Amino acid sequence: MIPQTVEFDEVSKFYGEVLGVNHVSLSIPPGITSLVGPNGAGKTTLMNLMTGLIHPDDGSIRMRGLSPRDPENLMRITGYATQYDASPRWATGFNFISTSLLLFGYSRAEAEEKAWRALQQLRLTEAAHRKIAAYSKGMRQRIRLAQAIAHEPEILVLDEPLNGLDPLVRAETIALFHQWAAQGRHVVLSSHVLQEVDVISDQIVLISNGMVVAEGKIRNVREEIHERPSQFIVRCRNASRVASVLFKEDHITEVRLNEDRMGLLVMTRDREQFSRAISRIALDGFGIDAVIPADENVDALYEYLIGEGR
Amino acid sequence: MEYRSRLKQAWTIAKIELGRAFFSKRAFWVYGLALLPTIIFFFHGVQMKIRRQSLSSGGFVQPVLLESAREGETAEAVIQRLGKPHWDFEYPRHRMVSPQGKASGITIHNIAPALEARYIRLNIRVPSYNGDPNARIREMEVYGGNDSVNLALSRPATGSAPCSAAEGPEKAFNGNANDRWCSHAVDKYLQVDLGDIHEIKRVVIKHASAGGEDEQLNTAFFDVQASIDNKRFVRMVNGTGSRFIDEITAVRTMHYSDGRREAVFGFEDGKLVSKKINMLMNFEEDRQIFAGIFQYFYLRLAIFFGCLGIFMNLFRGEMLDRTLHFWFLAPARREVLLAGKYGAGLIASIVIFGGGALLCFGVLLLMQNPAEVQAYWQAAGWAHAFWYTTAAALGCVGYGSVFLAAGLLLRNPILPAAVLLGWEAINGFLPVMLQKLSVLYYLQSLCPVPAPVDKNMPALLQLLLNPAAPASHAGAICGIIGVTALVLWVAVLAIRRMEVSYSTEA
Amino acid sequence: MAVYKRGYQRYQGPITSYWTRFMVLPRFAWRRMFQQRLVPLLMVIAMIWPLLCAIFIYLTNHAELLKGFSKQFQSFISINGNFFLVFMIVQADFALFLAALTGPGLIAPDLANNALPLYFSRPLRRSDYAFARLATLFVLISLVTWVPGILLFGMQVGMAGSDWLHGNWRLGFGVVAGFAIWGLLVSLVAMASSAYTKMKAVSGGLVLGFFFIMGGLSGMVNVIFRVTWGNALSPQWASRRIWCAMLGVDPNEGPGVAACALVLLSFMLLLAIVIERKLRPIEVIT
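Chains as they are written, first to last, in the working numbering: chain Z, 1 to 310; chain B, 1 to 506; chain Y, 1 to 286.
Derived from the structure by calculation, the hints contain no laboratory data. Model, not experiment: these values are computed from the prediction. A couple of the hints might just be wrong.
Below are the EDC-like pairs computed for lysine to aspartate or glutamate, each with C-alpha atoms no more than 20 Å apart in a straight line [stated by the list, open to error]:
| hint | chain 1 | residue 1 | chain 2 | residue 2 |
| --- | --- | --- | --- | --- |
| 1 | Z | Lys137 | Y | Asp250 |
| 2 | Z | Lys131 | Z | Glu152 |
| 3 | B | Lys8 | Z | Asp202 |
| 4 | B | Lys25 | Y | Asp128 |
| 5 | Y | Lys198 | B | Glu424 |
| 6 | B | Lys231 | B | Asp193 |
| 7 | B | Lys201 | Z | Glu112 |
| 8 | B | Lys276 | B | Glu76 |
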């Protein structure tokens with residue numbers, strides 16, 4: 001049974017005297033996983049370690065059972081879109097992708113067909129026969145993505161893939177990610193735009209200073225953070241009445257009334273008790289329209305876990 | 001099974017790289033390097049053919065007559081015997097020469113505009129070139145309007161204290177260069193009273209070597225002053241000793257030909273001084289020249305720098321371009337990548353430089369007399385061609401592996417390249433054991449014709465030159481293959497450990 | 001409706017002179033160069049030969065120290081054009097290595113890292129930039145070439161007196177002018193190769209390769225055509241011929257000063273063209 005996870009086992013990497021990543025242990029399931037963290041946290045290092053471009057000083061990495069020291073097998077199922085902007089001077093978009101596909105053992109016709117398909121997926125067909133060096137930034141980003149997906153890999157490692165893309169292409173690319181994740185592939189990407197990370201990802205990995213601060217589904221991570229009261233937005237008709245009821249509970253730390261008098265922002269220390277309290281309130285006849293978690297998003301997690309840590 | 005697919009992968013990598021190696025704009029200078037000797041040989045051949053055409057139109061002389069010209073014969077006598085030359089050029093040659101022997105001691109100073117004076121005074125500033133403190137003047141002659149009348153001859157003379165009684169100032173004005181005025185006073189001077197005010201146009205001074213003494217004893221620095229009243233003196237001449245005189249010779253060259261050879265006669269002032277008879281096309285000599293060029297230029301410079309460019313680009317160039325990671329992201333073992341790239345570089349360089357060597361050899365043969373070429377080819381020609389090409393190819397193999405490894409291991413691979421160049425350059429002067437530690441030694445062993453020694457090398461260096469006996473062909477080939485294998489093994493270790501981290505330092 | 005509050009005032013105070021601004025580039029380049037270990041080391045090694053020459057001058061001018069030697073040896077030593085020629089030949093090689101070591105680091109990194117737009121978005125013209133880089137290299141080379149040469153000349157004048165100077169001022173002029181030509185040529189080669197290849201490592205090799213290959217080419221032409229005019233193609237030989245004429249030394253057989261000067265001039269022109277075409281802040285790719 002081939003393991004279906006990307007495993008890091010106590011991986012450390014030194015750059016001279018600087019610690020790049022520090023005893024990182026991860027187990028990434030299939031789906032879309034976002035690596036989130038400040039600049040210099042180690043996101044690119046982790047990605048380079050995954051694909052064998054650099055070697056760990058300590059620990060081991062397993063990509064679906066394969067080691068990055070075995071590029072012959074690993075690179076067949078892995079595609080990496082780096083952040084390095086350079087590309088060979090001689091290459092047109094189409095040539096670049098079809099030539100690299102030749103190394104996989106495909107015949108020329110097959111390679112060209114796959115290359116063309118990848119270019120179509122990323123809407124680069126018009127510029128396919130121009131030199132990459134003449135592309136705009138967004139097009140260069142897309143050609144790197146195309147190169148990563150052309151051989152239909154099982155594991156996609158994408159370093160800031162949405163960087164420099166205009167909104168339409170952004171949306172299309174995100175749709176692609178969802179498509180691939182639905183097919184059971186690994187999509188590991190890094191990003192700074194936290195709202196998007198919220199929308200795209202199934203899992204997140206929060207990294208700071210080379211160490212993994214949190215890992216898992218967003219909701220699960222949030223649930224584990226007990227030090228901070230959770231925030232919920234409650235939409236109801238009789239907001240002040242509901243507020244007074246809630247105040248009686250001792251796990252509630254703060255309640256704020258919205259200006260339209262139709263909603264509340266509630267901060268609670270204990271989500272379990274809060275959910276029971278809200279159920280009682282609803283059953284008691286107060287009309288509760290909606291209960292929405294207000295900080296089960298990466299922004300909040302980032303701020304709690306990484307922002308405070310400075 | 002796996003090996004075959006890996007081989008196929010290496011071949012694919014090689015094919016991709018070859019496209020770049022052969023056709024990128026940067027590759028053209030490598031072609032230029034490889035073709036330089038060919039082009040020059042080609043033009044030489046063309047020039048020779050044109051020469052032969054023009055010579056045949058002028059008429060040939062008997063071969064015996066060509067050799068009959070003797071040194072000292074006049075030009076007219078030669079023309080009378082051999083007929084009109086087909087090339088006759090005369091021009092006056094000016095040469096600044098340092099005069100030898102007696103002539104070196106004479107300085108001639110033209111006074112323009114002419115000065116009127118009665119007293120002529122010679123001041124010695126630096127009495128000799130070698131530090132001797134004595135001033136020595138053999139004769140001083142003063143000329144006015146009449147160029148042949150020495151106004152100072154036997155005139156009353158004064159001067160600083162003489163070295164001895166027989167070397168007084170009057171000795172410089174007695175018309176006899178065998179005696180001299182000598183003085184080692186602190187302030188050395190010599191003065192003559194012309195008796196009357198004359199117009200002075202020329203002063204001739206004969207220093208020590210005009211009387212046969214050592215040239216180093218000539219006056220190094222002096223000046224000549226003139227006065228009307230023996231009170232106020234005007235400087236006429238600044239003398240720095242006789243350095244160079246303008247020697248004018250009438251030089252004439254005449255070319256004759258007997259169909260196979262060309263004679264160049266050089267005449268100076270009408271008399272034959274030099275006679276050079278060249279073969280119009282000297283196959284033997286050309287082969288020697290080819291051997292010399294192959295070893296000194298082609299192997300040491302062309303292949304060296306060409307392989308430097310080609311193989312350095314394979315890894316270090318990609319690293320600087322920041323495109324190396326694309327190769328590492330391909331599904332191929334690192335060793336396969338190395339093999340593919342090395343193979344590409346090898347194929348490109350062997351084709352370019354092996355082909356270049358073969359082409360040059362072919363051009364060389366093409367220009368010669370077909371009968372001679374036929375004989376040569378049947379005897380040893382094909383073997384020579386083979387070994388030259390092999391030497392060029394193996395040079396690419398050896399140097400290529402070294403530069404590939406250097407590009408992988410070192411940040412600035414130019415330093416070891418410079419060191420290697422220097423090492424190869426001084427190879428002939430090293431002890432024999434160390435000489436075997438170079439690629440060039442084995443390559444030279446493979447060359448079929450030993451290269452002529454560089455005539456321009458100073459004699460001192462020629463003495464120190466101590467080339468080891470060349471290795472056998474088999475030994476040389478094994479040597480190069482061995483060195484290459486070792487270097488490639490190091491390269492494999494390096495590439496396995498290699499990490500991609502692009503820094504901004506170019 | 002937009003209301004613009006004109007509260008922003010440009011800087012009205014004094015600004016530094018043009019040359020101060022010009023010298024910013026060389027100053028920082030020199031600082032960087034001397035931080036590498038090899039550069040000061042090479043410069044120190046390059047001073048060994050001038051030191052030997054200085055000792056030689058001292059010995060020559062104090063003949064009493066040489067009393068013991070044979071007359072022939074004494075006549076062999078004298079400070080004339082030949083002495084300075086040998087001095088120049090050795091120092092020229094050091095200048096070449098220095099240029100090959102430091103020249104590439106001047107322009108290649110700027111081109112490779114796309115830094116030229118940063119320079120030219122300031123009030124710095126392209127010609128200013130090029131001249132600043134040229135000056136950087138030229139001054140460095142001067143420090144190992146005509147500066148020690150002039151010092152040696154001055155030392156000789158000091159010891160031999162103004163009379164010697166009167167007769168031999170040509171030598172001083174020849175040293176300075178000859179080295180100026182060589183320094184200019186070498187700097188231009190280093191800059192051109194640096195601008196052409198954009199890679200520090202390769203361009204250093206290209207500098208050396210240029211001189212070696214041209215030397216080899218001239219040798220080949222000479223030997224194949226059995227002539228001597230091929231020497232004009234070798235920049236070293238051509239420079240040396242010009243030095244001989246300036247110093248008043250008998251030259252070796254070969255092309256004359258005019259031909260050599262013409263060849264050197266055309267080399268410099270070619271190099272200047274390469275620099276002009278390659279030193280652009282943007283690259284248009286079709």
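Against the structure, the hints come out as follows:
1. With a C-alpha separation of about 64 Å, the suggested pair Z:Lys137 and Y:Asp250 falls outside the 20 Å cut-off, and the hint is violated.
2. Proximity of Z:Lys131 to Z:Glu152 is assessed by CA-CA distance (about 24 Å); at most 20 Å being required, the pair is judged violated.
3. Of the supplied pair hints, the one linking B:Lys8 and Z:Asp202 is violated, its CA atoms being roughly 41 Å apart against a limit of 20 Å.
4. Distance hint between B:Lys25 and Y:Asp128 is unfulfilled; the C-alpha atoms sit about 29 Å from each other, more than 20 Å.
5. Of the supplied pair hints, the one linking Y:Lys198 and B:Glu424 is violated, its CA atoms being roughly 28 Å apart against a limit of 20 Å.
6. The suggested pairing of B:Lys231 with B:Asp193 holds, with an alpha-carbon distance near 13 Å, which does not exceed 20 Å.
7. Of the supplied pair hints, the one linking B:Lys201 and Z:Glu112 is violated, its CA atoms being roughly 95 Å apart against a limit of 20 Å.
8. For a cut-off of 20 Å, the pair hint linking B:Lys276 to B:Glu76 stands: about 18 Å separates their Cα positions.
The structure fails hints 1, 2, 3, 4, 5 and 7 (numbered hints given earlier, in ascending order).
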